[in-house]
Amino acid sequence: MESKLVKINKRRKAEKKEGISRRSFIKSLGAAGAAGIAGCADNPAQKILPFVKGDTTQIPGVAVWYSSTCKECSAGCGIQVRTREGRAVKIEGNRENPVNRGGLCALGQAALQSLYDPDRIREPLKKVSEGGREIFKPISWEDAFSEVAEALKEEGYKAFLAGELTGTVADLWDSWCQDHDIQQAVYDPMQPVDLARASELTFGHYGIPKYNFEKAEVIVSFGADFLETWISPVEYARGWAAGRKPGNVSRVIHIEPRLSLTAANADKWIRSKPGSETAVALAVLKLLVERGNGKNLSESVINRLKKLVSKVNIEEVAYVSGIKRSTVLLIADYLHQARSSLVLAGGPAASKERPLGLFVAVNFINMVLKNVGRTVDISRMRKPRTSVRKVSELVAAMDKAKVKTLLVYATNPAFSLPQSYNFRYAAKKVSKIISFASHMDETAKLADIILPAHHSLEEWGDAHPFNGVYGLTQPVMRPVFNTRSFGDMLITLSEKSGNKKAAYGAANFEEYLKNAWKKIHVTSGSAESFKSFWLKAVERGGYFEDLEKHIPVRVSVKDEAYTVVAESFKEPEHDHGLMLYAYPSVRSFDGRAANRPWLQELPDPVTKIVWDSWAEIHPETAGKAGIKNGDLVAVRNKYGDLKLAAYITENVDQGIVAVPLGQGHTEYGRYARLVKGGNVYDLLQTGEDSDGVVLLGSHVEIKRLPGRPKLVNTQGSDSQHGRGLARTAIVAATAASHSNGHNGGHHAHQEGHHEIKQMYVQREHPVYEWGMVVDLAACTGCSACVVACYAENNIAVVGKDVCWQGREMSWLRIDRYYEKKGEELRVSFQPMMCQHCNNAPCEPVCPVYATYHNEDGLNVMVYNRCVGTRYCSNNCTYKVRRYNWYEFKLPEPLNWQVNPDVTKRTAGVMEKCTFCIQRINEAKDIAKDQGRLVEDGEIQPACVQSCPTEALVFGNLKDPNSRVSRLAKSGRGYKVLDHHINTQPSVTYLEDLKWEIT
Amino acid sequence: MARKVSGIVIFVVVVTGFIGLLMVAYPLKADQSSSYNKIGKRAGVYNDGQAALWDLNILDHFHYFGPEARARGYRPEQPIKFSHVTHVQKNKIECQFCHWSVTKSPYATIPEVEVCMGCHKMVKGTSDQQKTEIAKVEKYYNEGKAIPWQKVHVMPDYVHFNHKRHIKAGMGCQECHGQIPEMPVVERVSSMKMGWCVSCHRHEGTSIDCATCHY
Amino acid sequence: MGEAAKKEIGYKDVNDQVLRMLEPPGAGWYIQLFICVALVIVGFFCWTRQLLFGMGMAGIAHPIMWGVYITNFVFWVGIAHSGTLISAVLYLFRAKFRQPIYRLAEAMTVFAVMTAGLFPIIHVGRPWFAYWLMPYPNERALWPNFRSPLVWDVFAISTYFTVSAVFFIVGLIPDIAAARDRAKTFFRKMLYSITSVGWTGSHSNWRHYMAGYLLFAAFATPLVVSVHSVVSWDFAMGNVPGWHATIFPPYFVAGAIFSGVAMVLTLIIPLRRVFKLHDLIRPEHFDAMSKLIMLTSGIVTYSYLTEFYTAWFSNNIFERYQFWFRPFGEFKAAFWGMAFCNCIAPLSLWIKPLRTNITHLFILSIIINIGMWLERFNIIFTSLAREFVPAAWGGYNFSWVEFGITIGAFGWFGMWMTLFIKFFPAVAITEIKEVMPVPMRNPEAAGQHH
Amino acid sequence: MKGEKAVVGVFTYMDDLLTAIEKVKAEKRDFRVYSPFAHHLIEHATSPGRSPVRFVNGTGAMLGLIAGFALAIWCAMDWPLRVSAKDVVSIPGFVVIGYECTILIGSLAILAAIFHFCRLPNILRKVGYDPRFSDDKFGLVVGCSSGEVDKVEASLKDAGADEVEVRDGL
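Chains as they are written, first to last, in my numbering: chain A, 1 to 998; chain B, 1001 to 1215; chain C, 2001 to 2450; chain D, 3001 to 3170.
Just so you know, these hints were derived from the structure itself, not from any lab.
Not one of these hints is a red herring.
Below, simulated DSS-like cross-link-like pairs (lysine-lysine); rule was C-alpha separation at most 25 Å, straight line:
| no. | chain 1 | residue 1 | chain 2 | residue 2 |
| --- | --- | --- | --- | --- |
| 1 | C | Lys2189 | D | Lys3126 |
| 2 | A | Lys47 | B | Lys1145 |
| 3 | D | Lys3126 | C | Lys2184 |
| 4 | A | Lys47 | B | Lys1136 |
| 5 | A | Lys820 | A | Lys324 |
| 6 | C | Lys2012 | D | Lys3157 |
| 7 | D | Lys3157 | D | Lys3025 |
| 8 | B | Lys1145 | B | Lys1124 |
| 9 | A | Lys928 | B | Lys1168 |
| 10 | D | Lys3126 | C | Lys2012 |
| 11 | B | Lys1081 | B | Lys1092 |
| 12 | A | Lys710 | A | Lys624 |
| 13 | A | Lys924 | B | Lys1164 |
| 14 | B | Lys1164 | A | Lys928 |
| 15 | B | Lys1124 | B | Lys1136 |
| 16 | A | Lys428 | A | Lys404 |
| 17 | A | Lys307 | A | Lys558 |
| 18 | A | Lys153 | A | Lys429 |
| 19 | A | Lys153 | A | Lys432 |
| 20 | B | Lys1081 | A | Lys47 |
| 21 | B | Lys1145 | B | Lys1131 |
| 22 | A | Lys924 | B | Lys1168 |
| 23 | A | Lys924 | B | Lys1104 |
| 24 | A | Lys47 | B | Lys1151 |
| 25 | B | Lys1104 | A | Lys47 |
Examples of chain C residues lying across from chain D (beta carbon under 8 Å, computed):
| no. | residue |
| --- | --- |
| 26 | Ala2141 |
| 27 | Arg2147 |
| 28 | Val2170 |
| 29 | Ala2177 |
| 30 | Thr2200 |
| 31 | Ser2202 |
| 32 | Asn2205 |
| 33 | His2208 |
| 34 | Ala2211 |
Nothing here was measured: the structure is a model prediction, and the numbers come from that model.
Heads up, the beta-carbon is just placed ideally off N, CA and C, and yes, glycines get one too.
Bound-form chain A, shown alone:
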């Protein structure tokens, strides 16, 4: 982020004063003034409300940035929050944080919509019976606290079920629970706990290792969708992209029954039969051991491994997995010959009833390949605390009516704990449920009393994802609603309940946090005072050690590891019934993101479906059941049933029905409830030897139901029809060759240099010529940029019905094309935004100059001049202009997020990507103040900023030394359709590079 723009606030206690304080949002100054553009209906008489008290950091009209840490998932990415007049308006990645280094995923960007969710719990609530119905009634904080304190004082079985808490608040929670004699259980369905358990078996340390993708030459993934949702997708995508830089091209082989985002981006996607990954991993392990890998290991280990894999029959594995024998050999060859490699397992394919076998086998592979310590860093482990077994014990106790008081925070078991655990039924037998939820989700609905907690953007906190990273969370604005910080509530409650043990030496959580950080200050060995250490941490968004620093770790393989693998041979042969394949999606995650309209309207990265939950079925399977694309199907087993639209695709195995997780809420706000069809979790079964949720393995049957629901797919055609829009250079290479990707570029180079013939003289750009480069080799299609664009540019969310008519408003869309060559499926992702063509076809057809070309090479769109003839959109070669069919309004307070620097468009107006012209103007303004020109990299449009892999680069093409002009001239560069219709776009695409793995 431009450091010039970053102003770090020193938040003072004085602001806590009640009433209107300096931080109160002031509703004038053009910020909220949504006076219509339409001349006839507006009454522009406005009020102007000044601050009561001044603050030197708060200048109306100037953005203030706060560093913080994202708490949407447990990856722990650093964020920077842009606030205007005291309201958070945009979240961006923080370059300082080593987890994400500037990028941020779609989910993190959309945290704002969770903050401003109109259906958030606005004040403490108590469930009362009124006229035979149970309803929630607002109560005061005093009453709420005293009531909860009473419950805490009572003797009996008390339990606290929480989500994956991190950092100091987790410590506070632990000691608080101990002090109050409360049983703890942690539940977060997205945690690959079994992976952490497998590490304990194979390495002797519980936890999820840190994977260094950038150092791996060959990456083999057994179902781990590390580019979309798996553990820390931004971090991994960044590493993956770094490994794919020309000259350093790593090869990815992905084995999964379904085309996930990672499968789509892999050099080779191998379809496996569901559940057969363990066998494949063992076969690979056998081949590697046979080829002499594993010499680094101790004699005893390698001998035991040899003994273990001796039972593996490659032919049988090939039969069971549906993967050709030669392909299995190929994987082993690649791994064997690679100088460095990385083997992963995860995702729904790995969350089986008995998942440890696969994880341990994969760990063994990494061990024999000498990856441990290089690409698999076990010195910096993530330590998830989720334990489904513990949760199920708790539920069993609840079911026996043993549990007197149940406290719930940051988890939604009533939705995301499979029906087979019977949480909802058991919860009725608990005499008092106390929820700290900030959203009215399914679990909060069961509560007797709700003490709404702050959103993470409103409170102090920290995050400690793994060793060496201490992210700090700070409040970026006054609370939207009458809520309290969770930490503060715990401290207050222990005071109220009069618990003697519970003395935390702090009046509030902020103080507690500072005390905890004093320890970090000490361990950091920093020479400066705590005050300056603290201020620096607040400014940077945390304290980060040098992650390159090597920490030696001893590895010890436990005997149990071999047993687990040996047991996996006994895994029942997969029968031929249909299996449910519930996969997490960046759109809804585990269900926690379903209340965000941006994400609901974001097309699924692979299927491109919006606002829906659907069942992906192979045409063969569908044919047997007489199901056609778009039909309503029932997916059912003994636990429940789903009514979903069928999405017939060849990109899933015949034996599975793939359904995205997290949709089908019955509570959790108006947007989450919009997606009907049922909750996939309900159908999942319990695990035998799993501490996580078992996503694979539930047998289901499908049946066609009458009716055709609206299944909204934003992709027009899956094929490029040979038009060469998203180009891929297939680099032919054997496992042994290490040639870099440059030789793949000549193809684009030749076509790019066609002779320009035109009637008119080309325009000169005196100072700036803004342009962009999109590196398709780095683009994963993760869609973070799309959400960033929505957030920055006030793009309207239109809802399912309007999307169905093809009227979504996304300025930046990611086109996804399939190309089949024999058995190989090549998937291309192409971010498509306004190309700012020099010969823009849209400009001359506008009768009123609402769009024209300016001196900076921008294709400017003047909304207030637009009459709405829509000719420009017809003439736009790239179809990136969006039209306001209606006036879309967001409910209060979702509209607080509106960026005051960008005009809200009214109905009847065309709009499109402007390269974030408000940022260009701001940067130019600052540069002018300082009497200089805008520097390279100073301007980052929202999409460029958000990209985890830096696939997008923006800058001045006029400056030959800028990054964008150097990249644009590279051999891989081409401009979409330019050689066909000579539009001369300012956006250069760099060809995708894919290895041919044969």
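Chains B, C and D: place on chain A using the hints.
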């Protein structure tokens, strides 16, 4: 014969009507207007606040170019009878003393109530009216409430005007706002139509790119 | 000599027959007017919905940004065309069959342009700012973009409307004078006195009038070519595959005349029957119009084939795909419907008896009208549905608002036509008289005067 | 119309009318012919010259052409905005504007010319007009002094007028 007569009559009526219209419109214009001459509100305003030749003052009365709040002469009643005459003309306070953000932000902004109280903790006024008005400010401050000022220079939200750039370029406040020091109640002296902005930008040779203001 | 002469009807009979149409209307006329006004109200209601809630009420969506409204616009401009063709071009060519039908064709022109002119305004997203397309001095110091085909359209359509309306009104003046001289009621007398602006038919009146009328015809003739050429440039200037073709102007002009003549038939056949104008509008006139339909149908068919040939010959993948898509894609029904209505059905006119078979002609004219609407549908919708980037391909959802406005437009057109035939002479009295034999006391000796 | 009296002759036949016109012309009297339609025989008999309408039309068309181009060029130059790579003054596009303005102003000039030369709107100068002249009769109105009325009357009757009326002249 009758035809000729009627023709002449029609011609005379049309011509006198047009001249009459001009006569009605013209005296309202800028400096010639007696009301403006008295207090000279519009002295120093670029191009008399006229967007174009036909942007006549009289048209404002018919809300021809938009609603009242966007017309010249818009003078809403304010919650506090704040007088720029007292503060600026008599007591010689600099504009930027109160409107301090004008060099830092696109917005000039109304000063915080705290800024008012900076002086008015001491200065309690001499006349009765002053005393009551200052008491009102004090009340707002003590209650922690913002003073609901009526916005005088209302711009549509698709116009991104940057005060900072104009002040840093050495423009005086009066070039757009008129002689504020002489206004007991602030009044809009120019229509602030686009043509008016553009005529100055052309005159000064500054950017007339649409994207300067509209994005 | 003229056709009317064969039945030996006199000047008085012409006045009788034509002005009889202006007599107080019967119930049928009122019903017709009521239906038309009701349709206009339906259309207006739909438009109000659209104004209130936004363009989303119409079925257009990305990527098909122009839909039914522009189709209707082109359709009605096309209808307008044959009026000017019959009144101006055939006047210059001295085609004798034009006289009885040209007034109605001209009225059709004016009212069709009035209908067509509504559609761009209905179509734009912010119709209250549609006046920004006109170059008028404004307080924003901005002008329209004269490089935009839409501004050309504004000029072309407004010029066309002005010129054809003036041509129409000027042509009416002597006939209104005739109506004035026979008017019975006070209202009618006043109406015709004012609208005939004191026309007497003196020799100096006729001298300047005829000179001016000829020049009008000469000036309106290039408009026949230019208006639809400019309308076609709305498409041809775009880069959309299926639009960007040099054949568009002649293709559109031919299509316009084709549909216009069909519309004249649709209007004149019932009129002839209701007002018993069999003496004035005779089978020979229908035969001539049938031949015109045969010619223009041939040109239109040729254009269709040329488009396919060009797409094939250009070796442009986008064009080729487009022209594969039209006959075999999502909207193939529209294509084959168009091909049947515009290419196959008119072939029936090669059989001579069918050219004067009124029932056949009436049905055929309606078929052609549908076919020409479908032609515009094909050009606009299908081209936009399959443009350059396959990811952005899309379809269309028709909405009841579009349907309401479309039928409202027919009501609007019908309303003006209905009012016109009862208030003004719908057949040109003076021009029919011109082609009748002049009464001579001494027919043999008449030659000496020539 | 010169003369105190106007003698109106109503004719059914064209050749009678033409004979009467010849006579009146020979007597150098002021006359006016009313006919229900235009006919070249009447035009030949009454005035040999061509109507000046075409000059007005030509001037209007030329003005329109210049005005059209001037408008487009001036507007484009007043605020030069680049669209695509096209020139600010791109003449090919402006041809349409010039062309349409030529037709428009040319046509309006014809209208003005017709109204001017035909002296329309005409309220008072319908000397000797009869409703039959828009129907099936031709009229010849001859202006003369009161003394000459009988003579003219006789000459019209002689030429074959169905009836002859005497009215006040203007």
